[in-house]
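Going down the list, the protein sequences come from chains A, B and C.
Start counting the first sequence at 1; every next residue gets the next number (UniProt numbering).
Start counting the second sequence at 1; every next residue gets the next number (UniProt numbering).
Start counting the third sequence at 1; every next residue gets the next number (UniProt numbering).
Each hint should be verified, as a subset may be incorrect.
[Claimed, not checked] Simulated crosslink set (DSS-like; lysine-lysine; CA at most 25 Å straight-line): (1) A:LYS29 to C:LYS144; (2) C:LYS144 to C:LYS39; (3) C:LYS144 to C:LYS66; (4) C:LYS66 to A:LYS29; (5) C:LYS48 to A:LYS86; (6) C:LYS39 to A:LYS86.
It should be emphasised that the hints constitute simulated quantities derived from the structure, not laboratory data.
Because the structure is a prediction, the values reported are computed rather than measured.
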Amino acid sequence: MNSVHDCGGDDGFGRIIPDGYDGTEPVFKSEWERRMCALFMATIVGGLFTDEDFRQSRERLEPSRYLTRSYYEQWWFAVARLMVEKGVISPAEYRAEIARMDAGTGTGAEARS
Amino acid sequence: MALPELDAPEAFAAPWEAQIFAMVVELHKSGMFEWRDFADRLSREIHAHPDEAYYHCWARAALDLLMEMGLVDEAELLAQSLAVIRYRAQDHHHVARTTPITVVSGRR
Amino acid sequence: MPGHHHPHDHDHDHGPDGDISAEEMLTSIDAVDIGVRVKALEELLARKGLIDPQALDAVVDYYEHKVGPRNGARVVARAWADPAYKQRLLTDATAAIAELGFSGAQGEHMVVIENTDSVHNLVVCTLCSCYPWPVLGLPPVWYKSMPYRSRVVRDPRSVLEEFGTFLPETTEIRVWDSNSEIRYMILPRRPPGTEGLSEDALAALVTRDSMIGVSEALTPGGAA
Numbered sequence: 001m002n003s004v005h006d007c008g009g010d011d012g013f014g015r016i017i018p019d020g021y022d023g024t025e026p027v028f029k030s031e032w033e034r035r036m037c038a039l040f041m042a043t044i045v046g047g048l049f050t051d052e053d054f055r056q057s058r059e060r061l062e063p064s065r066y067l068t069r070s071y072y073e074q075w076w077f078a079v080a081r082l083m084v085e086k087g088v089i090s091p092a093e094y095r096a097e098i099a100r101m102d103a104g105t106g107t108g109a110e111a112r113s
Numbered sequence: 001m002a003l004p005e006l007d008a009p010e011a012f013a014a015p016w017e018a019q020i021f022a023m024v025v026e027l028h029k030s031g032m033f034e035w036r037d038f039a040d041r042l043s044r045e046i047h048a049h050p051d052e053a054y055y056h057c058w059a060r061a062a063l064d065l066l067m068e069m070g071l072v073d074e075a076e077l078l079a080q081s082l083a084v085i086r087y088r089a090q091d092h093h094h095v096a097r098t099t100p101i102t103v104v105s106g107r108r
Numbered sequence: 001m002p003g004h005h006h007p008h009d010h011d012h013d014h015g016p017d018g019d020i021s022a023e024e025m026l027t028s029i030d031a032v033d034i035g036v037r038v039k040a041l042e043e044l045l046a047r048k049g050l051i052d053p054q055a056l057d058a059v060v061d062y063y064e065h066k067v068g069p070r071n072g073a074r075v076v077a078r079a080w081a082d083p084a085y086k087q088r089l090l091t092d093a094t095a096a097i098a099e100l101g102f103s104g105a106q107g108e109h110m111v112v113i114e115n116t117d118s119v120h121n122l123v124v125c126t127l128c129s130c131y132p133w134p135v136l137g138l139p140p141v142w143y144k145s146m147p148y149r150s151r152v153v154r155d156p157r158s159v160l161e162e163f164g165t166f167l168p169e170t171t172e173i174r175v176w177d178s179n180s181e182i183r184y185m186i187l188p189r190r191p192p193g194t195e196g197l198s199e200d201a202l203a204a205l206v207t208r209d210s211m212i213g214v215s216e217a218l219t220p221g222g223a224a
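Work out the full structure, taking the sequences as your base and the hints as a guide.
This is the structure in structure tokens:
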């Protein structure tokens, strides 16, 4: 697929490393990144999708999201899409699970309808 | 038969329309068939399928003619079509590169 | 904003059971806190018996703490110390790396490229984030970022300079595009003044970034 991910040679993305970079950084910047990485590994090793499926799913992320969402959030988009498209989960049950969790934690974040 | 307005932005609705148009014109120019042989078939297709897009008719007329002339084999066409569909389904650019993607020569 | 958002207007987007499509679902929840989205997916899959949360912890712990650039550094140090090993590494990297006990996912087809005084090499994955996990661990954020992926194939010298790597103008620079079929690792130049050092001491000079190729190995007792 030819989309925004195919960025080799494009201009204008700016600096690569943050000021004060010392050659190291934490493997994960937060707990959810760690869980997302684990979830990816468990689902792909479990045979729920292939490497090709995963890459294509990530490349189908629309450009505005691809360019603005963090790396592991892009993984979430890719895996969540595959789980629905392969019939592993339904959108309704996933949205219900999120609503249930939100009610429990009271974060106020809820699915837009 | 008049050719379409090729410079008009709406001349072709999709790349494949331009491709099948160009193939037919070029094959005719190289003497593979009389224009009348194609035009008759196109006219029949358009009358048989009045609601269909013009280039669908054009493509069917072209394949009909080329197969009748023995220039295209139906089985081969089918196999090739399926190969294209399979390729499209996994079309991505992740191919093994065994040479550098970029080389910047050192200044002598 | 004109009109009102009606995700249920488009019948053709609906799944067979009348549910919304994957795309609509993603859009409907993409403003929810990402931690909640991930947790909910994990719990849903765990409840279906498809994943085991305890096993997840073990897998990630492995990649976070047990696999990392120290593995690659051992490979490089061995190659510096043992010319026969270096030859095997450059001929069949996957096998030579496995000799030291490093193998596994995302390291199935390795190629190691040697930096020399006249040619400097570096690695990118322009399309995503292909990276040799068994020897380098999980990739750093900058390696996966658009700025690196876009610029390094157009202007690698400026990228090297941003990393503080200033090469002579006469040095040729080659950029290698890793992908799922082949994953590259760079064998950095052995720093001067390291004659007689043990493999452990040599390995301590090998940084992750030097094996991606954006910098050189450290020199003993000083800056790179």
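Do the hints match the structure? See the list:
1. A:LYS29 to C:LYS144: Status holds; Cα separation ~14 Å.
2. C:LYS144 to C:LYS39: Holds. C:LYS144 to C:LYS39 sits at ~24 Å (cutoff 25 Å).
3. C:LYS144 to C:LYS66: Holds, at roughly 21 Å.
4. C:LYS66 to A:LYS29: With Cα atoms ~18 Å apart, C:LYS66 and A:LYS29 stay inside 25 Å; holds.
5. C:LYS48 to A:LYS86: Holds, at roughly 14 Å.
6. C:LYS39 to A:LYS86: holds (20 Å)
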